[in-house]
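Given only the sequences and the hints, what does the whole structure look like? Please build it.
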Amino acid sequence: MTQEIRVPEVSDGVTKGQVIGLSVAVGDRVEVDQTLLELETDKAVVALPSPFTGEITEILVAAGDEVAIGQVVMAGVPEGESADRAPAAAAPEKPEPPSATPSARQPEPPSEPAGRKTAATATAAKASAAAATADAGQAEAHPALPPPRTAATAPQDVPPASPLVRRFARELGVDIHAVRGSGPGGRISEQDVREFVKQALAGRADAGAVVAHASGGAGQRPLPDFTKWGDIEREPLSQVRKIIADNMAYAWATAPRVTQDDKADITAVEGFRLDFNRKAPAADKLTMTAILLKITAAALRVFPAVNSSLDLAAGELIRKRYVHIGVAVDTPAGLLVPVIRDVDRKGLATLARELNATAAKTRERRLTPADLEGGTFTISNLGGIGGTHFTPIVYAPQVAILGVSRAEMEPVWDGREFQPRLRLPLSLSYDHRAIDGADGARFLRWICAALEQPLLLMMEDEQ
Amino acid sequence: MTKARQEATIEKAPLVVIGAGPGGYAAAFRAVELGLAVTLVDPEANPGGVCLHRGCIPSKAFLHAAKLVRDAAEAKAMGLHFAAPRLDIDALRGWKDGIVETLTGGLGGKVKQKQIRYLRGRARLSGPRELAVDLTEGKTAALAFDQAILATGSRPVLPAFGADLSERIVDSTGALHPPSVPGTLLVIGGGYIGLELGSVYAALGSRVTVVEMLPQLMTGADRDLVSQLKRRLDRQFEAILTATKVLGLKEQKNGVKVTLQDKQGGQSSKLFDRVLVAVGRRPNIENLGLEAAGVALTDGFIKVDAERRTTAPGIYAIGDVTGQPMLAHKAAHEGQVAAAVAAGRPAAFEPRAIPAVCFTDPEIAWTGLTETEARDQKRPIKTAKIPWRSLGRTLTLGRDDGLTKLIVDPDTDLVLGVGLAGPGAGELIGEATLAIEMAARWQDLAFTIHAHPTLSEGIMEAAATFFA
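As given, the protein sequences belong to chains A and B, one line each in that order.
For the first sequence, the working numbering gives the first residue as 1, with consecutive numbering after it.
For the second sequence, the working numbering gives the first residue as 1, with consecutive numbering after it.
Simulated from the structure, these hints should not be mistaken for laboratory data.
A couple of the hints might just be wrong.
Listed next, the in silico SDA-like pairs over lysine to any residue satisfying Cα-Cα at most 25 Å (straight line) [stated by the list, open to error]:
#1 B/LYS378 to A/GLY70
#2 B/LYS303 to A/ALA202
#3 A/LYS285 to A/MET248
#4 A/LYS228 to B/GLU291
#5 A/LYS16 to B/ASP411
#6 A/LYS228 to B/PRO346
#7 B/LYS378 to B/SER390
#8 A/LYS228 to B/PRO14
#9 A/LYS263 to A/GLN18
#10 B/LYS303 to A/PHE226
#11 A/LYS228 to B/THR311
#12 B/LYS12 to A/THR227
#13 B/LYS263 to B/LYS253
#14 B/LYS12 to A/TRP229
#15 B/LYS378 to A/PRO397
#16 B/LYS263 to B/ARG223
#17 A/LYS242 to B/ASP88
#18 A/LYS263 to A/PRO224
#19 A/LYS228 to B/ALA132
#20 B/LYS303 to A/GLN18
#21 B/LYS303 to A/LEU422
#22 B/LYS378 to A/ILE69
#23 B/LYS67 to B/GLU427
#24 A/LYS228 to B/ARG223
#25 B/LYS378 to A/ARG6
#26 B/LYS60 to B/GLU427
#27 A/LYS242 to A/ALA202
#28 B/LYS257 to B/ARG345
#29 A/LYS228 to B/THR9
#30 B/LYS303 to A/TRP229
#31 A/LYS198 to B/ARG345
#32 B/LYS382 to A/ALA68
#33 A/LYS228 to B/GLY289
Now the in silico label distances, taken between C-beta atoms and shown as ranges [as the list claims (entries may be wrong)]:
#34 A/ASP175 to B/THR465: 32 to 38 Å
#35 B/ILE449 to A/SER309: 54 to 60 Å
#36 A/ARG341 to B/ALA292: 43 to 49 Å
#37 A/ILE69 to B/GLU74: 54 to 60 Å
#38 A/PRO8 to B/GLY289: 33 to 39 Å
#39 B/GLN115 to A/GLU190: 32 to 38 Å
#40 B/PRO179 to A/GLU190: 53 to 59 Å
Bear in mind the structure is a predicted one, so any value in this text is a computation, not a measurement.
Glycine included, every Cβ here is placed at the ideal spot set by N, Cα and C.
So this is what it looks like as structure tokens:
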């Protein structure tokens, strides 16, 4: 019996995603839980596991297609069941909702095995506007095209707004698809577009990824025609890049940021680290980031204001009684920030192991959206690449982020002579609305002091 | 040496529009209004393209003549008796040519008045920023452009039936320049072009047979609309053969011998005085130098985005070369979009509805979502239909046929599509297209006062049935 394979619930709030790659072909034999395709959602790349062991008989999507949660993307025959070779379109559909149209009740022409495929392609590919029109049977349904730079939209997918309102939105660089219509039947008025822009400028969270050609904050000025000066290439932004752009622009526009620099003498800590790693298996290797995780978690317990978020609407500071620290990981697709949970309650060995596993998982793009959520603070370590100093951007709604550059052996005056000491440059960026300058400096100094004398970690009472 | 001469004559052209059909001249006019210096290239003496020279306009002129003939014949029922019309085919053709000249000449005047540089000839891209025009007068002009809009349109498809075009075997172009009216005519292709021209010849006295490969006339249009048309065409035409293939054409002294194969596989041969091939149109994308400029195709059409940019920087494409539907008004709208984008204005081709009209008798017209598309997409819809015989106006026109159909969203009540069949349906579809573009709900149509007695009441009446 043919079984449909649908896109499962991925995470709260995720309703759709883009197929970034198919891992199987029609006719492939698959194991249960084997990855069938990879989906890029707003939050992460998710693998769609096979619900059964058996054979894939039909694939209804292609790379680049947008799919909704619950949408049928493949069909297959589980092992042991009769290999029903009838086209999957003959499989009984879920009963139509009661609002079914009179036309839907008409019997389908028997010779239409392509019926389901057409439906799937049509929902997936807004781009195939051409396919939606018909002329004397010579226009076959076009296969889903790779999304053009500014995708053409099928007429029935253009939101309900008058031509003038749509032009108004275009002039402001607003993607009309993102505007909620307040009129009857969801009709979008000029006023709705204005409200949308106002909210976007005010940085309201529900304005979301707002701007048509460049999501990421308060709109984009019209670009000049760069081709006037030479050849250019255009490449669609990945979902990850769009989210980064949006988050960064939001943080930049809302958080008045201060960056405090300091240096920690890590000669002793680094000596311990190298000693430890000589005996440790690869998976347990201790990294400087793991050590920084542990020390920062302790610092966050001492300075709870740094482990907080601002709720200006309510006029409150939200202090979190947990310490989940995000670690920025450089991947080929862009920056991802997986979150290590309960850092304050974990020992250094556990943290080292967990961090190593998470970094590998991130680079292999195996994170789930949940892995990226819930951080209270972020560490961005660029020391592996180099540099002496940088100003990280606070990852809103967090209020602070620690940037780590490359440790260097430096001559340090001990009162009588220069000593060679390994010094680690640290840069703390913080939201000045939540944290005063002196507190920011104290927080970073505390971290440096603890790196130099880890006994400090034991000075505070457990809470 | 050739190279040196060419280089010496390369001229600069900020915006070149290739093709002066409804898309091309609309783009050129809009671009001039927006302050660009425009060069328009076309092989014809005046703008107009297929639409004005050999398409929409001449066919509508003939269709109007055909309507007069039919109306006169049907007036018998009202007690009005006219003598059978005496046809002067040369005068009819001359009248049609006069209309074409007036319109294209008017456009030619507008080109001059707007100070558009008009080059008569065929353009071919020779690089990402260069093109050569083979001028009709014989020379070649080389242009270095900043931006270009490709609007070269389409031409009839000519399948290999074993015979070439001739006096007896014609395409739509030939059918619009008839030297005489044939006694018998075979129309190959049951799409709108074949049915419109078939209707003309039937009214002028030909016995017309239509052969269509697919099981239905006007594939893509909703069946309830087409069946309104078919009922009347069955009376106008000698025969309508659907699900029938043409295997071959053979030109003989006394006519064209046509071999047909029906859906059971049975073959037969028939002799016709003339054969009209109208099986579709294909985009004019050959000999344009697309590769030299880096313009990519998709499914046989030029690939464009919503702003009508091709894959080559600074080059746009509009109209029939960009895909279905191949309609003049779609091309004109795209032309305005491309011109605005070329002038640095925000614009996009994103209609909520594109009307389509088949100018047969009765006319078939639709706009927005069709019931067929909704069914293919498994999209939930509600429909309402009103037969025109329930409208007073229909009977006063001496008619009893016609249909208005509304397609609405069951959740939002928004009007998604409208289909019409009946006399003058093409004039009525405008209201429906506006309703969809303005995101009207069916209640808006029901509550709008429509003049009585008119056929437009059908839209209001159909909407009102949703209250029941």
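Run the structure past the numbered hints and jot down the numbers of the failing ones, going up. Hints 2, 3, 7, 9, 13, 15, 17, 18, 21, 24, 28, 36 and 38 are the ones this structure does not satisfy, whereas the remaining hints hold.
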